[in-house]
Amino acid sequence: MPNMNELKKRIVESQLWRSMFRHDYPDTPRNRVLQIMANVWLHLHPPKIRRHAIKLRFTWCMGGITFLMFLVTVVTGVILMFYYRPVAEYAYADMKYLQFDIPFGMIMRNMHRWAAHGMVITVWLHMFRVFMTGSYKPPREFNWVVGVVLLTITLLLSFTGYLLPWDQLSIWAVTVGTNMARATPFVGSEGPFGEVVGVTPRYDARAFLLGGTLVGPPALLRFYVLHCIFLPILISLLMIVHFWRIRKDGGISGPL
Amino acid sequence: MAEVKENTTPKPAAQSAGAHEPAVTDRVHVWPYLVRNEFICSIIVMVILTVWSITIDAPLEEPANPTQTPNPSKAPWYFLGLQEMLVYFDPWFAGVVLPSLIIVGLMVIPYVDVNPKGNGYYTFRERPFAVTMFLFGFFFLWISLIITGVFFRGPGWNLFWPWETWDPHLVVALTNIDLPAWGPFKWMGNPKIFGVEVIGFVLIALYFSTAFVFYFLRRDTNDMIRQLGPMRYGIVAFLFLTMMSLPIKVVLRLAFNIKNVWVTPWFNI
Ligand code: HEM
Chain D
415 MPNMNELKKR IVESQLWRSM FRHDYPDTPR NRVLQIMANV WLHLHPPKIR RHAIKLRFTW
475 CMGGITFLMF LVTVVTGVIL MFYYRPVAEY AYADMKYLQF DIPFGMIMRN MHRWAAHGMV
535 ITVWLHMFRV FMTGSYKPPR EFNWVVGVVL LTITLLLSFT GYLLPWDQLS IWAVTVGTNM
595 ARATPFVGSE GPFGEVVGVT PRYDARAFLL GGTLVGPPAL LRFYVLHCIF LPILISLLMI
655 VHFWRIRKDG GISGPL
Chain V
465 MAEVKENTTP KPAAQSAGAH EPAVTDRVHV WPYLVRNEFI CSIIVMVILT VWSITIDAPL
525 EEPANPTQTP NPSKAPWYFL GLQEMLVYFD PWFAGVVLPS LIIVGLMVIP YVDVNPKGNG
585 YYTFRERPFA VTMFLFGFFF LWISLIITGV FFRGPGWNLF WPWETWDPHL VVALTNIDLP
645 AWGPFKWMGN PKIFGVEVIG FVLIALYFST AFVFYFLRRD TNDMIRQLGP MRYGIVAFLF
705 LTMMSLPIKV VLRLAFNIKN VWVTPWFNI
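So the protein sequences, as listed, match chains D and V.
The numbering used here numbers the first residue of the first sequence as 415 and each following residue consecutively.
The numbering used here numbers the first residue of the second sequence as 465 and each following residue consecutively.
Because the hints were derived from the structure by calculation, they are not lab data.
Hints are not guaranteed to be accurate.
[Claimed, not checked] 27 angstroms max Cα-Cα, derived DSSO-like pairs, lysine-lysine:
{"hint": "1", "chain 1": "V", "residue 1": "Lys581", "chain 2": "D", "residue 2": "Lys469"}
{"hint": "2", "chain 1": "D", "residue 1": "Lys422", "chain 2": "D", "residue 2": "Lys662"}
{"hint": "3", "chain 1": "D", "residue 1": "Lys462", "chain 2": "V", "residue 2": "Lys581"}
{"hint": "4", "chain 1": "V", "residue 1": "Lys538", "chain 2": "D", "residue 2": "Lys510"}
{"hint": "5", "chain 1": "V", "residue 1": "Lys581", "chain 2": "D", "residue 2": "Lys662"}
{"hint": "6", "chain 1": "D", "residue 1": "Lys662", "chain 2": "D", "residue 2": "Lys423"}
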């Protein structure tokens, strides 16, 4: 077996390598810090971090995996948007078209779907981990509150997306889900004190949500806009706050 | 590539910040130690997700048909805990009030948990009440209800074992009664002594007043109550009793076929 150092030296000093990498990377503490500080994406991190915080058994990497799942849904979701029209006549046909005619359409749809479900699971596990390590205690109280809002939006994103294929599964699941709005006290037509306020099935919380009395074309358009524009922007803004607060609250929690 | 060893022996703490700043000295470089973990973790997750997506197709059923209601109609699995609560409570409570209370209740956790211990490490012994409550709510009330909804609910929202075939024509006798019509209370309605319905209100008031009784009995002896103070104690007690109302109603329903405890013309509990 050739000497590994010898081999490495020959590769690194070859003309090909030199043409790509002008100088080598000395692994000094200064360079390690610069790698983080000088990179727009990596500088989300602090340059140094407590030793225990990089252990998998502390964070389970769950916040990070949740974020990764979100990125996957954004990328695959944009691709799906090229082929999907949120109109009752077309929506289902577009799904079929996507599955059978568009190259990689099926796998894009699958990845979008499973990443979304995965995100629901990982965000629960992330909350579970944060609770079990008591990481919501001062000074991180507010970041926990931000997190609960993130969890709620994650569920709403999943739920609004559920309607878009416009098949039996989606409209009935959304019918069951939105039926509860009808029972809201005061503003739902079947809720307590609804008649006192004077709301009717055509004019109550559920009708406002669906744009009608049943899950029809206006509901599809509403859910589409919420799913593809409003909620993603909202969750992105809150994630920025969430990540920023982690740093401002002194990094990942740890025993004092 | 020269190996740079991280210095593992704790250095004397940097004395700049105030007394609140913990003297954390044992730090490692994020590059490469954390970035490497994140990188490997992302690759593993992406491989799993890709293989999963190649092998398992996302469902697509018949086109939407508003005239044909499937039986059972199930919400997405992550909402089946809520749908399952509809069995035990009226929609306004199970579908609106309880979900809102879950969200608000989660948000207030950091403000009502005044125990300074167990911040940043796993421990049960230093915060037994908080951890027990959370595990109970998370596994027993949330995950197990979802599992019931996903695997054990069939047509008519009846209970089926996974190996039983779903029979859409199964008739389950509706024997559920409201509490005032239940055995021990039945005599009150006949002859009508007073508004029997009030019994439900009285019971619920008694249920919540246990919090007051407990407070005044144990205020002087219990450290936790003293640390919480009346305001936080009230919030914790209210959320706790409301949470426990779910398992209580499950037991009332399954063991005694009792549907509602308090019946009014406007709402039932
Ligand atoms: C879209 C959802 C979310 C994303 C992308 C996210 C992302 C992250 C990431 C990357 C971290 C760094 C540590 C780690 O990976 O565990 C973190 C920490 C944290 N998260 Fe989240 N999170 C989300 C939702 C939540 C939820 C639902 C909660 C709580 C209810 C929460 C509370 C916290 C807290 C308190 C920390 C600081 C933990 C510590 O210092 O140990 N987050 N989050």
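Identify every previously stated hint that the structure contradicts and give their numbers, smallest first. 2 and 6
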